[in-house]
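Assemble the whole structure, with the sequences as input and the hints as a guide.
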Amino acid sequence: MKEHSAIERYISKMEDYELYEKVDNVMDLYGYKQENLIQILHAAQTIFGCVPLELQRFIADALDMTLSEVSGVVSFYSFFSVTPRGEHTIRVCMGTACYVRGGKRIVDHLLKTLNVDLGDTTEDGRFTLEIARCIGSCGLAPALMIDDVIYKQMTPNKVDAVLSRL
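Heads up, the sequence shown is in the numbering used here, so the first residue is 109 and it goes up one at a time.
Heads up, none of these hints are tricks.
The list that follows gives simulated cross-link-like pairs (lysine-lysine, DSSO-like), each with its CA atoms no further than 27 Å apart:
# : residue 1 : residue 2
1 : K260      : K212
2 : K266      : K212
3 : K260      : K220
4 : K220      : K266
5 : K141      : K130
Pair ranges (Cβ atoms, derived):
#  : residue 1 : residue 2 : range
6  : T263      : L137      : 41 to 49 Å
7  : E162      : D256      : 27 to 35 Å
8  : V270      : S183      : 25 to 33 Å
9  : D256      : Q142      : 23 to 31 Å
10 : R165      : G139      : 17 to 25 Å
11 : E195      : I146      : 18 to 26 Å
12 : V270      : G157      : 21 to 29 Å
13 : C242      : I146      : 19 to 27 Å
14 : F184      : E162      : 15 to 23 Å
15 : T221      : Q142      : 40 to 48 Å
16 : C246      : N144      : 33 to 41 Å
17 : R165      : R193      : 19 to 27 Å
18 : F184      : Y138      : 16 to 24 Å
Keep in mind the hints are simulated off the structure, nothing from the lab.
From the three backbone atoms N, C-alpha and C, an ideal C-beta is built for every residue, glycine too.
Given below as C-alpha cells:
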C-alpha cells in the first residue's frame, strides 16, 4: 500500500480520505500493475460512483502511468462515467429493430418526462438516461434496460408505468 501522504495530495475534503484509501487498497490487491487498470477503474467507480479527473490522476500516479493513458481508457469504455450517475440507469436500445419499432419515440418521451439530455442525470439524482446501440433483445423491440432489467415492447405509457414503480 502507498503512503497515506500520497492520498492526501488528492483529497479535496477529509471525508474523501476513506474513499481514496479504499481505492488504494484495491490497487494494492492488484499489485499496482498497469495491466489491471480496467479492474481497478471498475472498483474505483463502485467506490466513488464515478471516476472524476482527480481520481484518475491518483490512479495514474499510483500505477506509474500518464493521466492521458488512464483518461483514454475511461473515455473509451461507455461503462465509465466522470460525473455522478443516477440511482437508476436507463438505456434505450437504438439498434435497428428497436429504432424501426419506435425506439426514437421512447427516447423523445424520456427526454421530455425526465427533463434531461442524453447522458445526463436528473436533478433529483434518480435517473441517468443513455442510448445503447444494441442490448441484444431484438425480438422484444422496442426495448430498454433499467439497471440490469430489460423491458420489452415499450410504449410511452409502459415507460411511465415502469418509472412510477421505481
